[in-house]
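Engineer: Based on the hints, put chain S in the right spot on chain D.
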Amino acid sequence: MKKAYVASGLAAAAIALFAASAFAGEKNHITVELNTTTRTAYGSMGDARASSDSAQYIGCSLSENGGVLTGLCEVEDSGQHTASCYIPSAQLNAFAQVLATQTTAAYFYFQWNASGQCTYVYSSSESVWTPMVP
Amino acid sequence: MQATTTRFSSWLVIFLSAAVGAAAALGLGSWNEPRWAHAVEQRLAEQSALLDRERLLIEALSGSVNDLRSPRPEWNTGRACVTLEQLRSALPAATGEAGSKDLPPSGDPKAAAAAAQAGEHAKDEAARIVESAVSAGSWTDQDATEFHSLLALMTPTQRDEAQSALFKALNERNLKRTGHSPP
Numbered sequence: 003m004k005k006a007y008v009a010s011g012l013a014a015a016a017i018a019l020f021a022a023s024a025f026a027g028e029k030n031h032i033t034v035e036l037n038t039t040t041r042t043a044y045g046s047m048g049d050a051r052a053s054s055d056s057a058q059y060i061g062c063s064l065s066e067n068g069g070v071l072t073g074l075c076e077v078e079d080s081g082q083h084t085a086s087c088y089i090p091s092a093q094l095n096a097f098a099q100v101l102a103t104q105t106t107a108a109y110f111y112f113q114w115n116a117s118g119q120c121t122y123v124y125s126s127s128e129s130v131w132t133p134m135v136p
Numbered sequence: 003m004q005a006t007t008t009r010f011s012s013w014l015v016i017f018l019s020a021a022v023g024a025a026a027a028l029g030l031g032s033w034n035e036p037r038w039a040h041a042v043e044q045r046l047a048e049q050s051a052l053l054d055r056e057r058l059l060i061e062a063l064s065g066s067v068n069d070l071r072s073p074r075p076e077w078n079t080g081r082a083c084v085t086l087e088q089l090r091s092a093l094p095a096a097t098g099e100a101g102s103k104d105l106p107p108s109g110d111p112k113a114a115a116a117a118a119q120a121g122e123h124a125k126d127e128a129a130r131i132v133e134s135a136v137s138a139g140s141w142t143d144q145d146a147t148e149f150h151s152l153l154a155l156m157t158p159t160q161r162d163e164a165q166s167a168l169f170k171a172l173n174e175r176n177l178k179r180t181g182h183s184p185p
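Same order as they appear, the protein sequences are chains D and S. If you use this note's numbering, the first sequence corresponds to residues 3 to 136, in order. If you use this note's numbering, the second sequence corresponds to residues 3 to 185, in order.
One chain only, chain D, in its complex shape (with noise of 0.2 Å):
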């Protein structure tokens, strides 16, 4: 009898091991944060549309109108402050490059000058991103 309990104890901690291991990984959450002092903006999507408030977003996009393309990125921190920049003409090919990589679980890092032009775009869809949920 007192095997049996044995057992069936071990039974269930493997069973909980197990569990626990299909939901590990390395997880980053990181909502967005805005400098406009340094001009540099980060967060990962998933975890922006999840915060609390309603303010928060991040993201980069690229749109063609006349036969002309245009990229932008921009932001918004929960303090609902925002900030934006834009890709200067020619590096639009290499940004658009960088968006290709894009999936729901990104996160975006990015910076801008006096000018609105962005600087550096840092888009990452590693797994260790929380994806985007309804």
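By construction, these hints were calculated from the structure, which means they are not laboratory data. Virtual Cβ for every residue (Gly too), placed ideally from N, Cα, C. Heads up, some of the hints might be wrong.
If you want the ones that stay clear, here's a sample from chain S, every Cβ over 12 Å from chain D, calculated [to be verified]: (1) K112; (2) E122; (3) T142; (4) N173; (5) K178.
Now the in silico label distances, taken between C-beta atoms and shown as ranges [stated by the list, open to error]: (6) T159/S to E35/D: 29 to 37 Å; (7) G139/S to S126/D: 31 to 39 Å; (8) T147/S to V130/D: 34 to 42 Å; (9) E35/D to A138/S: 18 to 26 Å; (10) T42/D to G139/S: 33 to 41 Å; (11) D126/S to M134/D: 37 to 45 Å; (12) H182/S to A26/D: 38 to 46 Å; (13) S137/S to S65/D: 23 to 31 Å; (14) V135/D to H182/S: 33 to 41 Å; (15) T103/D to Q119/S: 35 to 43 Å.
Structural biologist: Okay, now just chain S, sitting in the frame of chain D:
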């Protein structure tokens, strides 16, 4: 009699020689004609097309300038944007799509200068839209639509300058986006 016959023969030879020479000259002329005529025709067509492009460009620009001088009553927005559609439709034909590039495909310096001038005009319009939006404190969908229409008329350098004016205003001058369009 012999002398008369000889004189007549001489004249006949001269006449026939002249006739043959003239016929040969005409024949050669008509042989060469298609080549130079084709070249002249081609050149005339090129010049005509160039003149047509420049006429279209001048008409578009002068129309815009006149509209700006005397705004129509229906322009209640205070922004001279109605003629932009005219510009937009006229310029690609006038410049051979040069409005969206720094140099026109033909490499024609006159067309390049005209395109750059049209781009400057579009950039000025874009700056006016931004200033007007700053005064109103909001960047609306209509602002965005007009602004992006103008971008298509500019060279890449002019486009960057116009966008700098907008994004600086968005970042530093409390210009709030109220629509759903991208800036």
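Engineer: Can the suggested window of 18 to 26 Å be confirmed for the beta-carbon pair E35/D and A138/S?
Structural biologist: violated (31 Å)
Engineer: Verify this label for me: N173/S is non-interface relative to chain D, using a Cβ-Cβ cutoff of 12 Å.
Structural biologist: violated (6 Å)
Engineer: Taking the CB of V135/D and the CB of H182/S, does the distance hold inside 33 to 41 Å?
Structural biologist: violated (23 Å)
Engineer: Is K112/S truly not at the interface, in the sense that its beta carbon sits beyond 12 Å from all beta carbons of chain D?
Structural biologist: holds (23 Å)
Engineer: Is 37 to 45 Å right for how far apart the beta carbons of D126/S and M134/D are?
Structural biologist: holds (41 Å)
Engineer: Okay, S137/S versus S65/D on CB: inside 23 to 31 Å?
Structural biologist: holds (26 Å)
Engineer: Would you say T142/S is clear of chain D, with no C-beta pair closer than or equal to 12 Å?
Structural biologist: holds (16 Å)
Engineer: Is the distance from the Cβ of H182/S to the Cβ of A26/D consistent with 38 to 46 Å?
Structural biologist: holds (40 Å)
Engineer: According to the definition I'm using, a residue is off the interface if its beta carbon is farther than 12 Å from all beta carbons of the partner; does K178/S meet that for chain D?
Structural biologist: K178/S not clear of chain D: closest Cβ-Cβ about 8 Å, inside 12 Å.
Engineer: Has the hinted range 29 to 37 Å been met by the Cβ atoms of T159/S and E35/D?
Structural biologist: holds (33 Å)
Engineer: Given the range 31 to 39 Å, decide if the beta-carbon distance of G139/S to S126/D lies inside it.
Structural biologist: Given range 31 to 39 Å: holds, Cβ gap about 36 Å.
Engineer: Taking 34 to 42 Å as the hint, is the beta-carbon distance of T147/S and V130/D inside that range?
Structural biologist: holds (39 Å)
Of the numbered hints stated above, those contradicted by the structure are hints 4, 5, 9, 10 and 14, listed in ascending order.
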